[in-house]
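Protein chains: 4
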Amino acid sequence: MKSRSKIVARYAETDQMGIVHHSVYPIWFEVARTEFIRHAGMTYTEMEQAGVMLPLAGLTCRYFYPAKYEDEVIIEVSISKFTPARIEFLYEVYNEEGRLLTQGTTVHGWTNLELHPINLKKHFPNIYEVVKHAQEDE
Amino acid sequence: MKSRSKIVARYAETDQMGIVHHSVYPIWFEVARTEFIRHAGMTYTEMEQAGVMLPLAGLTCRYFYPAKYEDEVIIEVSISKFTPARIEFLYEVYNEEGRLLTQGTTVHGWTNLELHPINLKKHFPNIYEVVKHAQEDE
Amino acid sequence: MKSRSKIVARYAETDQMGIVHHSVYPIWFEVARTEFIRHAGMTYTEMEQAGVMLPLAGLTCRYFYPAKYEDEVIIEVSISKFTPARIEFLYEVYNEEGRLLTQGTTVHGWTNLELHPINLKKHFPNIYEVVKHAQEDE
Amino acid sequence: MKSRSKIVARYAETDQMGIVHHSVYPIWFEVARTEFIRHAGMTYTEMEQAGVMLPLAGLTCRYFYPAKYEDEVIIEVSISKFTPARIEFLYEVYNEEGRLLTQGTTVHGWTNLELHPINLKKHFPNIYEVVKHAQEDE
Numbered sequence: 082m083k084s085r086s087k088i089v090a091r092y093a094e095t096d097q098m099g100i101v102h103h104s105v106y107p108i109w110f111e112v113a114r115t116e117f118i119r120h121a122g123m124t125y126t127e128m129e130q131a132g133v134m135l136p137l138a139g140l141t142c143r144y145f146y147p148a149k150y151e152d153e154v155i156i157e158v159s160i161s162k163f164t165p166a167r168i169e170f171l172y173e174v175y176n177e178e179g180r181l182l183t184q185g186t187t188v189h190g191w192t193n194l195e196l197h198p199i200n201l202k203k204h205f206p207n208i209y210e211v212v213k214h215a216q217e218d219e
Numbered sequence: 082m083k084s085r086s087k088i089v090a091r092y093a094e095t096d097q098m099g100i101v102h103h104s105v106y107p108i109w110f111e112v113a114r115t116e117f118i119r120h121a122g123m124t125y126t127e128m129e130q131a132g133v134m135l136p137l138a139g140l141t142c143r144y145f146y147p148a149k150y151e152d153e154v155i156i157e158v159s160i161s162k163f164t165p166a167r168i169e170f171l172y173e174v175y176n177e178e179g180r181l182l183t184q185g186t187t188v189h190g191w192t193n194l195e196l197h198p199i200n201l202k203k204h205f206p207n208i209y210e211v212v213k214h215a216q217e218d219e
Numbered sequence: 082m083k084s085r086s087k088i089v090a091r092y093a094e095t096d097q098m099g100i101v102h103h104s105v106y107p108i109w110f111e112v113a114r115t116e117f118i119r120h121a122g123m124t125y126t127e128m129e130q131a132g133v134m135l136p137l138a139g140l141t142c143r144y145f146y147p148a149k150y151e152d153e154v155i156i157e158v159s160i161s162k163f164t165p166a167r168i169e170f171l172y173e174v175y176n177e178e179g180r181l182l183t184q185g186t187t188v189h190g191w192t193n194l195e196l197h198p199i200n201l202k203k204h205f206p207n208i209y210e211v212v213k214h215a216q217e218d219e
Numbered sequence: 082m083k084s085r086s087k088i089v090a091r092y093a094e095t096d097q098m099g100i101v102h103h104s105v106y107p108i109w110f111e112v113a114r115t116e117f118i119r120h121a122g123m124t125y126t127e128m129e130q131a132g133v134m135l136p137l138a139g140l141t142c143r144y145f146y147p148a149k150y151e152d153e154v155i156i157e158v159s160i161s162k163f164t165p166a167r168i169e170f171l172y173e174v175y176n177e178e179g180r181l182l183t184q185g186t187t188v189h190g191w192t193n194l195e196l197h198p199i200n201l202k203k204h205f206p207n208i209y210e211v212v213k214h215a216q217e218d219e
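If you're matching them up, the sequences are chains A, B, C and D in order.
Using the numbering used here, the letters of the first sequence correspond one by one to residues 82 to 219.
Using the numbering used here, the letters of the second sequence correspond one by one to residues 82 to 219.
Using the numbering used here, the letters of the third sequence correspond one by one to residues 82 to 219.
Using the numbering used here, the letters of the fourth sequence correspond one by one to residues 82 to 219.
Since the hints were derived computationally from the structure, they do not count as laboratory data.
Glycine included, each C-beta is placed from N, C-alpha and C at the ideal position.
Take these hints with a grain of salt, some might be off.
If you want a taste of the chain C side facing chain D, the calculated C-beta under 8 Å gives, among others [stated by the list, open to error]:
hint: 1; residue: Tyr92
hint: 2; residue: Ala93
hint: 3; residue: Thr95
hint: 4; residue: Asp96
hint: 5; residue: Gln97
hint: 6; residue: Gly99
hint: 7; residue: His102
hint: 8; residue: Ser104
hint: 9; residue: Tyr150
If you anchor each label on the Cβ, the simulated ranges turn out as follows [stated by the list, open to error]:
hint: 10; chain 1: B; residue 1: Pro206; chain 2: C; residue 2: Glu127; range: 57 to 63 Å
hint: 11; chain 1: D; residue 1: His214; chain 2: C; residue 2: Gly99; range: 45 to 51 Å
hint: 12; chain 1: C; residue 1: His214; chain 2: B; residue 2: Asn193; range: 48 to 54 Å
hint: 13; chain 1: C; residue 1: Lys87; chain 2: B; residue 2: Asn193; range: 28 to 34 Å
hint: 14; chain 1: A; residue 1: Glu177; chain 2: D; residue 2: Asn200; range: 29 to 35 Å
hint: 15; chain 1: B; residue 1: Asn193; chain 2: A; residue 2: His214; range: 38 to 44 Å
hint: 16; chain 1: C; residue 1: Gly122; chain 2: D; residue 2: Lys149; range: 43 to 49 Å
hint: 17; chain 1: B; residue 1: Pro206; chain 2: C; residue 2: Ser161; range: 39 to 45 Å
hint: 18; chain 1: A; residue 1: Asn200; chain 2: D; residue 2: Asn193; range: 50 to 56 Å
hint: 19; chain 1: B; residue 1: Met82; chain 2: C; residue 2: His197; range: 34 to 40 Å
hint: 20; chain 1: A; residue 1: Arg180; chain 2: B; residue 2: Met82; range: 53 to 59 Å
hint: 21; chain 1: B; residue 1: Met123; chain 2: C; residue 2: Glu210; range: 52 to 58 Å
Some residues of chain C that are not near chain A, with every Cβ distance over 12 Å (derived) [as the list claims (entries may be wrong)]:
hint: 22; residue: Ala121
hint: 23; residue: Val133
hint: 24; residue: Pro147
hint: 25; residue: Ser159
hint: 26; residue: Leu171
hint: 27; residue: Asn176
hint: 28; residue: Arg180
hint: 29; residue: Gln184
hint: 30; residue: Thr186
hint: 31; residue: Thr192
hint: 32; residue: Lys203
hint: 33; residue: Asn207
hint: 34; residue: Tyr209
hint: 35; residue: Val211
hint: 36; residue: Lys213
hint: 37; residue: Asp218
Required output: the full structure, derived from the provided sequences and hints.
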């Protein structure tokens with residue numbers, strides 16, 4: 082499955098170079114990840130209420146071309162790796178002309194509310210299946 | 082009591098006008114408020130661990146002159162009002178030349194961890210006394 | 082004229098109280114203000130390219146009820162005051178049940194790109210008319 | 082050369098997991114990078130005023146252990162790669178007990194004010210020498 086989220090660059094997200102600050106992209110990734118999970122059939126909020134957290138273990142981001150204030154960007158998200166212990170998402174940010182601005186990944190560990198690692202398949206088989214399906218579904 | 086906190090403007094805090102974005106000042110106020118409370122003899126973290134929260138009920142901010150990247154500013158904090166239900170802080174942000182950049186206030190209600198209002202004097206007399214002392218102390 | 086903007090609360094916008102941090106609302110106001118101006122018939126970007134800036138002179142915000150992660154809020158914006166030197170916007174943030182969460186105002190001075198005050202009516206009569214119309218239009 | 086910067090985690094930097102949000106670390110890296118350059122003998126502001134920008138081309142971050150509100154962290158910065166076209170910084174974030182919380186890198190291209198790539202050695206030999214010295218100096 083691949084989800085597509087639309088975001089408009091905020092004034093507060095620009096810096097004095099006149100472009101969207103690089104620290105904003107991880108936040109946009111998160112917005113798109115939230116919508117991906119919703120698209121997969123549950124909400125991030127429900128997942129946390131069930132007792133599952135997804136803290137980041139790793140982040141990469143490559144910046145090819147800047148976004149500017151009021152630019153409308155599209156973020157495509159898919160699952161690039163998935164195990165009972167971890168998940169990796171892949172993000173691609175495009176501008177309105179279809180130009181690739183940024184590409185990134187986030188790796189997350191599945192944890193309980195105390196941020197201790199869990200085996201998702203064993204402890205939350207329902208959530209595991211929803212994610213598994215989202216990964217495989219074309 | 083009046084505390085003085087020093088903050089250096091971050092690049093990420095600037096916007097495309099080339100100045101520190103106006104939404105940053107409430108965050109700076111919070112940094113300075115944290116230091117004020119520490120100065121008063123406890124920490125905000127200890128206060129929350131004791132079961133007391135201080136969510137905002139109101140915010141005002143007047144902007145006289147902008148701060149720029151790498152500017153070192155001084156934030157002066159004092160308590161302008163204090164009751165068992167509420168507290169108001171006053172903030173003044175100065176640059177290195179002593180020019181007043183921004184002036185603001187925040188009003189907070191004393192609440193428990195579920196964000197329900199409490200009477201601080203009744204339920205947390207120790208914290209009430211610490212704050213009372215910080216207000217009166219010159 | 083009154084514009085209505087829809088925003089979904091981001092994870093990064095929450096704090097350890099489990100609610101949207103108070104410093105986020107001025108950013109949401111700005112997003113809604115951007116859409117208001119677009120609704121009025123120009124874009125903020127065009128305005129800046131024409132040589133007009135709108136730095137903040139004042140901000141007020143009252144917090145009645147918190148927003149949480151993934152909450153969808155509606156922000157209503159209107160012009161509450163307008164002169165050739167200044168403009169004041171009024172914001173009301175509602176949740177999906179129509180409950181008023183936050184109410185705020187921002188006051189801005191009309192300036193040139195060097196952030197010096199200008200008389201908008203005199204120097205940019207076209208923009209003045211667009212704004213005047215947006216204020217009066219019901 | 083290796084610089085060491087001290088940062089105290091801000092309340093606004095926490096999220097509803099009760100830890101510093103992952104998007105904050107790139108901002109902390111930037112604060113530490115600013116101090117590194119100052120330590121090397123010039124300021125980032127002077128560099129930009131001379132006509133040199135350092136937009137990000139890449140970012141990586143690995144998260145080992147979370148920081149919490151009011152935690153005082155130390156960020157160590159060094160230059161891991163340096164050419165006339167690019168520079169890579171390495172960051173390590175430690176808490177007060179010396180535990181490694183986060184490790185990251187940022188890659189930047191040297192550009193002019195229009196964000197076009199430049200050969201730093203050729204166009205700004207003085208800045209090139211300052212950076213070269215900072216890289217080599219133990």
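Going down the list of hints, with the structure as the test:
| no. | hint | verdict |
| --- | --- | --- |
| 1 | Tyr92 | holds, 6 Å |
| 2 | Ala93 | holds, 5 Å |
| 3 | Thr95 | holds, 4 Å |
| 4 | Asp96 | holds, 5 Å |
| 5 | Gln97 | holds, 4 Å |
| 6 | Gly99 | holds, 5 Å |
| 7 | His102 | holds, 5 Å |
| 8 | Ser104 | holds, 5 Å |
| 9 | Tyr150 | holds, 6 Å |
| 10 | Pro206/B / Glu127/C: 57 to 63 Å | holds, 58 Å |
| 11 | His214/D / Gly99/C: 45 to 51 Å | holds, 48 Å |
| 12 | His214/C / Asn193/B: 48 to 54 Å | holds, 49 Å |
| 13 | Lys87/C / Asn193/B: 28 to 34 Å | holds, 32 Å |
| 14 | Glu177/A / Asn200/D: 29 to 35 Å | holds, 33 Å |
| 15 | Asn193/B / His214/A: 38 to 44 Å | holds, 41 Å |
| 16 | Gly122/C / Lys149/D: 43 to 49 Å | holds, 48 Å |
| 17 | Pro206/B / Ser161/C: 39 to 45 Å | holds, 43 Å |
| 18 | Asn200/A / Asn193/D: 50 to 56 Å | holds, 52 Å |
| 19 | Met82/B / His197/C: 34 to 40 Å | holds, 39 Å |
| 20 | Arg180/A / Met82/B: 53 to 59 Å | holds, 55 Å |
| 21 | Met123/B / Glu210/C: 52 to 58 Å | holds, 56 Å |
| 22 | Ala121 | holds, 14 Å |
| 23 | Val133 | holds, 14 Å |
| 24 | Pro147 | holds, 14 Å |
| 25 | Ser159 | holds, 19 Å |
| 26 | Leu171 | holds, 19 Å |
| 27 | Asn176 | holds, 14 Å |
| 28 | Arg180 | holds, 18 Å |
| 29 | Gln184 | holds, 20 Å |
| 30 | Thr186 | holds, 18 Å |
| 31 | Thr192 | holds, 15 Å |
| 32 | Lys203 | holds, 26 Å |
| 33 | Asn207 | holds, 20 Å |
| 34 | Tyr209 | holds, 22 Å |
| 35 | Val211 | holds, 17 Å |
| 36 | Lys213 | holds, 23 Å |
| 37 | Asp218 | holds, 22 Å |
Against the hints set out earlier in the document, no violation occurs for any number.
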